[in-house]
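If you want the building blocks of each chain, they are given just below.
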Amino acid sequence: EAGVTQFPSHSVIEKGQTVTLRCDPISGHDNLYWYRRVMGKEIKFLLHFVKESKQDESGMPNNRFLAERTGGTYSTLKVQPAELEDSGVYFCASSQERGFSNSPLHFGNGTRLTVT
Amino acid sequence: AQSVAQPEDQVNVAEGNPLTVKCTYSVSGNPYLFWYVQYPNRGLQFLLKYITGDNLVKGSYGFEAEFNKSQTSFHLKKPSALVSDSALYFCAVRDVIYNQGGKLIFGQGTELSVKP
Chain A
1 EAGVTQFPSH SVIEKGQTVT LRCDPISGHD NLYWYRRVMG KEIKFLLHFV
51 KESKQDESGM PNNRFLAERT GGTYSTLKVQ PAELEDSGVY FCASSQERGF
101 SNSPLHFGNG TRLTVT
Chain B
1 AQSVAQPEDQ VNVAEGNPLT VKCTYSVSGN PYLFWYVQYP NRGLQFLLKY
51 ITGDNLVKGS YGFEAEFNKS QTSFHLKKPS ALVSDSALYF CAVRDVIYNQ
101 GGKLIFGQGT ELSVKP
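Line order of the protein sequences matches chains A and B. Positions 1 to 116 (our numbering) are the ones given, in order, by the first sequence. Positions 1 to 116 (our numbering) are the ones given, in order, by the second sequence.
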């Protein structure tokens, strides 16, 4: 099966510009997560979709970040306007759960965002 | 709040020697613990998980982890390290929601370097 794919792999933008990251989960996976790793620190949770609904968005840093998952398939994460501290690697992951099955999350290769 | 800690930023091991990457956790309730590995320019790959049952969990690539409830630890181990094991290792605990998955909470990561 195809894995989680993220686009673009790298993005370099100037402060104040807008960037949209895309994630295509594994087909059939209802759960989709966004994470980011900033400056070599720990990987921080941003938000969690179950199908098209936001299950948990407690990790979204501020209202410059907007995530969508129309139709419960792919997801986009928009940063507008971008700030220097938004630089980092943004990971997407997906999983399919039944009960307390604790299926592993499958991660994409990430998008490296650099804001200059 | 649930959390994990990886006390070592870096671990250096000679090829053929045993390796240990340390992780301690803090949870309310039963712990759901995971180890992931990240190779350069790649996404995170699932290694193993502890949900319940035997304290020694076996995973991919010859890795295993020992769950110790009294010490609240979940150290990753391998009897004989390979140069190809050099990568970034993340310990994580999971907030599980019935039928809806749940976010992973990651430690800060440990860089493992295996020298020939």
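It is possible that part of the hints are untrue.
[Said to hold, decoys possible] Listed below are the simulated DSS-like cross-link pairs for lysine-lysine, each with C-alpha atoms no more than 30 Å apart in a straight line:
{"#": "1", "chain 1": "B", "residue 1": "LYS49", "chain 2": "A", "residue 2": "LYS51"}
{"#": "2", "chain 1": "A", "residue 1": "LYS41", "chain 2": "B", "residue 2": "LYS58"}
{"#": "3", "chain 1": "A", "residue 1": "LYS44", "chain 2": "B", "residue 2": "LYS69"}
{"#": "4", "chain 1": "A", "residue 1": "LYS54", "chain 2": "B", "residue 2": "LYS49"}
These are computed hints drawn from the structure, not numbers from a lab.
For the pair we were handed, A:LYS54 and B:LYS49, check the Cα-Cα distance against 30 Å. holds (26 Å)
Margin query: For B:LYS49 and A:LYS51, compute the direct alpha-carbon distance and say whether it is at most 30 Å.
Written below: holds (25 Å)
Pairwise hint evaluation, B:LYS69 against A:LYS44, where the allowed Cα distance is 30 Å at most
The given pair, whose Cα atoms are some 25 Å apart, holds under the 30 Å limit.
**OP:** Given the hint that A:LYS41 pairs with B:LYS58, test it: the Cα-Cα distance must not exceed 30 Å.
**Re:** OK: A:LYS41 and B:LYS58 at ~27 Å, within 30 Å.
Of the numbered hints given earlier, the model fails none.
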